[in-house]
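Engineer: So the sequence lines, in the order shown, correspond to chains A and B. Under our numbering, the first residue of the first sequence is numbered 1, with each subsequent residue one higher. Under our numbering, the first residue of the second sequence is numbered 1, with each subsequent residue one higher.
Think of the hints as simulated: they come from the structure by calculation, not from any bench. You may find that some hints are simply not true.
[Unchecked claim] Straight-line C-alpha distance at most 30 Å; calculated DSS-like pairs for lysine-lysine:
1) A:Lys195 x B:Lys153
2) B:Lys153 x A:Lys48
3) B:Lys142 x A:Lys48
[What the hints assert, rightly or not] Rough simulated footprint, nothing fancy, chain A against chain B, three-plus residues with beta-carbon under 8 Å:
4) 67–81
5) 100–107
6) 129–139
7) 142–152
[Said to hold, decoys possible] Looking from chain B toward chain A, a few residues come up when the C-beta cut is under 8 Å (computed):
8) Val55
9) Tyr126
10) Thr155
Think of the CB as a built atom: it goes at the ideal place given N, C-alpha and C, for glycine as much as any other residue.
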Amino acid sequence: MGKIVAATGNEAVAEALRQINPDVCAAYPITPQTDMMQRFASFVSDGKVDTEIMLVESEHSAMSACIGASAGGGRVATATSGPGLALMWEMLYVASGMRLPIVMPVVNRSLSAPLNIHGDHSDAMGARDSGWIQLWSENAQEAYDNTIQAFRIGEHMDIRLPVMVCLDGFIISHSIERMEYLDDNVVKAFVREYKSLNPLLDVENPKSIGPLILPDLYHEYKRAQHEVMTKVKDVVLDVAEDFKKISGRSYGLFETYRLDDAEIAVVILNSAAGTAKDIVDEFREKGIKAGLLKPRLFRPFPYEEVAHALKNLKAVCIMDRADSFGGYGPLFMEVSSALYPLNDRPIMINKIYGLGGRDFMPQHAEIVLDELVEIVKTGKFKTIKEYIGVRE
Amino acid sequence: MMKKLSKMPESLKPVHFRFCPGCGHGILHRIIGEIIDELWVREKTIGFAPVGCAVFAYDYFNFDVIETAHGRSPAVATAMKRLLPDRLIFTYQGDGDLAAIGIAEIIHAANRGENFSVIFVNNATYGMTGGQMAPTTLIGQKTTTTTQGRDEKATGYPLKVSEMLATIDGVSLIWRTSLDLPKNVISTKEAIRKAFQYQLDGKGFSLIEVLSPCPTDWWMSPQEALSWMRKNMIPVFPLGVIKDKYSER
Ligand SMILES: Cc1ncc(C[n+]2csc(CCOP(=O)(O)OP(=O)(O)O)c2C)c(N)n1
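Could you build all of it, start to finish, from the sequences and the hints given here?
Structural biologist: See the structure below:
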């Protein structure tokens, strides 16, 4: 059986990458991801992995290198944060369009300007439409577990898509928590030998990858990407079931917390969900039927399942650690789309919290749940979208 | 009453630097402040802060400063200088900012002969992110991403950006200096003054590369860092004027 350790989120994900031992990793530093790939660079120097590590000159080159290695038939990973992910934008679409199962931990960070190095979800939300699968993680354990599962999901022969594993910058990447590592051989057996699809230099069957495709077929190509996304949910669930066998830990498309009989709930991603669960407990103690839903698979978004999980609520607050300025928060847009087909749906409000690393405090969850109680009582809400925790 | 011989330049705010002990950025900020005072151009100077350890340039310089994305200053400065040709515009860039992520921008700004000045701080590492290998890292130098020392077979050679840029016709002045000794600090000041003067005279693109100690990320005391620079860095990055289009020969 594995071992119990005290580790930071970055350390835990680096450990997962060591156990997986990819063929190629690209590394380029950016806070707060830096020490993840730096640890991995030490594994390379110390001969603990066989990986070819590429110290590139920018994130644009990091993702380009991953594309080259993956198209060349290797198992490939890199990691980044905030502006680094933004600089990769062009290449993200190339990776998914070429159906290359690259795995990339994203240590979530805000975007400039103003310059800020702390955690929010603007980076990954900006990459939402890039054709990558996105798994989100509340803590170091989930980041570790998701990284291992990401290889199986992305590399599945029915899928072949790149996967981002999101974890909160600093809050998770840099804080130490108790967690469990699996044994090396267990991880190795779980992720299996890498199989490349359409390897290059197959002289009998020469191929072109990523060619110019004009209006005659581009549209069909993109529909194929849409269609493969519809298969991802099942694979995520199958992989989670296998993962439970080796770890005892259960994963789904999202986590629900005290939601079954709840009347009010928050929907919230990543680390802040941990804080919010405590407050849900406090409200439960007061006899208020509060609950929580924490998405794990954000792309593809499990609309029907989320709708089913939230349909009996009277009011729900969807909390975003990113803003689509001039629109609602990105998570709100998904959840409200999910609930739209229902005839009878909860009242939905949207709170923007924690941008640029502003702490999400227990009292913020309290304010939100109090407001939901009030909404249920009166049947009225004041505004749909609002910032909380703002210094006035 | 004793006479005060030295004071803070007006071009610096009266605040303490928060750089690590022995870091070169503080000396360089001071030199730049002095030159701007001496040229009487504080009121028309615009500085470009990099992403890197010098990110807080706007906290120290007592004139307008704009923060750009990592490596992009030369592109941003190009446009600003063309819009405001009477301003003194300089970019302040580390070797990660200029020689890695921003290498395209600097080459093309130089090639167009843009009339602004570049202060290029070469400390052979990515300081801000904790001492990873930079393109300028020396062969055998240990960094947090080359823990056995930089191996040229895997990661190439120390990139000599100044020599490379000196091959470009559009460039007016390229001069490499160092902060290891007082006399080299003095010639650094001379070099930057000349670069700024060239800009004011409309002579086009100038770049001053300054070798600068980073004791923290070199894992050395400030004293050792200076000797290390002399022994290891200067032989790879020799000091002196590399190109001066307007020198009378
Ligand atoms: C797009 C992007 N990628 C990566 C980073 C992370 N980053 C911040 S500073 C830095 C290196 C700075 O090194 P250098 O320019 O040599 O300056 P120094 O800190 O040594 O003064 C990096 C890679 C970033 N801010 N933005």
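Engineer: All hints, please: hold or fail.
Structural biologist: Structure-based check of all given hints:
no., hint, verdict
1, A:Lys195 x B:Lys153, "holds, 29 Å"
2, B:Lys153 x A:Lys48, "holds, 20 Å"
3, B:Lys142 x A:Lys48, "holds, 18 Å"
4, 67–81, "holds (count 4)"
5, 100–107, "holds (count 3)"
6, 129–139, "holds (count 5)"
7, 142–152, "holds (count 5)"
8, Val55, "holds, 7 Å"
9, Tyr126, "holds, 6 Å"
10, Thr155, "holds, 5 Å"
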